[in-house]
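Heads up: the sequence lines are chains A and B, in that order.
Numbering follows this note's numbering, with no gaps: position 72 of the first sequence is 72.
Offset between the second sequence (1-based) and this note's numbering: plus 1000.
Among the clues, some could well be false.
Unchecked claim - DSSO-like, lysine-lysine: derived pairs with alpha carbons at most 30 Å apart:
1) A:Lys69 <-> A:Lys18
2) A:Lys65 <-> B:Lys1067
3) B:Lys1098 <-> A:Lys18
4) A:Lys18 <-> A:Lys57
5) A:Lys69 <-> A:Lys17
6) B:Lys1067 <-> A:Lys69
7) B:Lys1002 <-> A:Lys57
8) B:Lys1098 <-> A:Lys71
9) A:Lys57 <-> B:Lys1110
10) B:Lys1110 <-> B:Lys1098
11) A:Lys18 <-> B:Lys1110
12) B:Lys1002 <-> B:Lys1056
13) B:Lys1056 <-> A:Lys65
14) A:Lys65 <-> B:Lys1098
15) A:Lys57 <-> A:Lys17
16) B:Lys1098 <-> A:Lys69
17) A:Lys71 <-> B:Lys1042
18) A:Lys57 <-> B:Lys1067
19) B:Lys1110 <-> B:Lys1042
20) B:Lys1056 <-> A:Lys17
21) B:Lys1067 <-> B:Lys1056
22) B:Lys1098 <-> A:Lys57
In case anyone wonders, no lab produced these hints; they're calculated from the structure.
Here is what each chain is made of, one letter per residue.
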Amino acid sequence: EAQVTQNPRYLITVTGKKLTVTCSQNMNHEYMSWYRQDPGLGLRQIYYSMNVEVTDKGDVPEGYKVSRKEKRNFPLILESPSPNQTSLYFCASSRIPVGTGGYNSPLHFGNGTRLTVT
Amino acid sequence: QKEVEQNSGPLSVPEGAIASLNCTYSDRGSQSFFWYRQYSGKSPELIMSIYSNGDKEDGRFTAQLNKASQYVSLLIRDSQPSDSATYLCAVTSTNAGKSTFGDGTTLTVKP
């Protein structure tokens, strides 16, 4: 089954304790991205990756790190979590446009990770 | 001004009615437009994608795109209670990596 798998689904941690949220896709997608969703603020892009070893900042990258060492995996790292990073996080993947000016494919989302930082 | 704005909700329609959801965007170079549906506590799922001006129909759903007006809409005909969800408009900019979402419009279909 084609899917994006995030782990864990729920995570409660304390301020400053490093954590990693894993994301893996089995669709051979080049593009992967992380979003956070907060009430009243919608889905905001944290980081994205167009391919292996290529990552770029989204709209809210502060306090987050990512890496793309393999095509299928795109972990989100919080080196020193703070309470304002309490949120619902989604990983997503898609194919990328072929050539210049191509159209983006829709995003496939993981099931989400609900993070609470106390 | 937000990059992607959706009509404020919540929106409530009776079963069988047409629900109309609207979205405007600020980046004139945007090329890819999507509507996602998100049930409470779940991840967004694709309803429609549209890339060219005009209408695109899929079953009870019709997406409309007007690039000159920077406007994209979603019509849901014969609305069902199962359509009750939050609908997210997403726009991909000229930088193909950046996807911007609207805040969502919550639709309730009353039996």
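Going down the list of hints, with the structure as the test:
no.	hint	in the structure
1	A:Lys69 <-> A:Lys18	20 Å, holds
2	A:Lys65 <-> B:Lys1067	35 Å, violated
3	B:Lys1098 <-> A:Lys18	27 Å, holds
4	A:Lys18 <-> A:Lys57	20 Å, holds
5	A:Lys69 <-> A:Lys17	23 Å, holds
6	B:Lys1067 <-> A:Lys69	38 Å, violated
7	B:Lys1002 <-> A:Lys57	18 Å, holds
8	B:Lys1098 <-> A:Lys71	19 Å, holds
9	A:Lys57 <-> B:Lys1110	41 Å, violated
10	B:Lys1110 <-> B:Lys1098	36 Å, violated
11	A:Lys18 <-> B:Lys1110	45 Å, violated
12	B:Lys1002 <-> B:Lys1056	26 Å, holds
13	B:Lys1056 <-> A:Lys65	38 Å, violated
14	A:Lys65 <-> B:Lys1098	17 Å, holds
15	A:Lys57 <-> A:Lys17	23 Å, holds
16	B:Lys1098 <-> A:Lys69	20 Å, holds
17	A:Lys71 <-> B:Lys1042	25 Å, holds
18	A:Lys57 <-> B:Lys1067	27 Å, holds
19	B:Lys1110 <-> B:Lys1042	21 Å, holds
20	B:Lys1056 <-> A:Lys17	48 Å, violated
21	B:Lys1067 <-> B:Lys1056	14 Å, holds
22	B:Lys1098 <-> A:Lys57	9 Å, holds
Going down the numbered hints, you'll see the structure goes against 2, 6, 9, 10, 11, 13 and 20, while the others check out.
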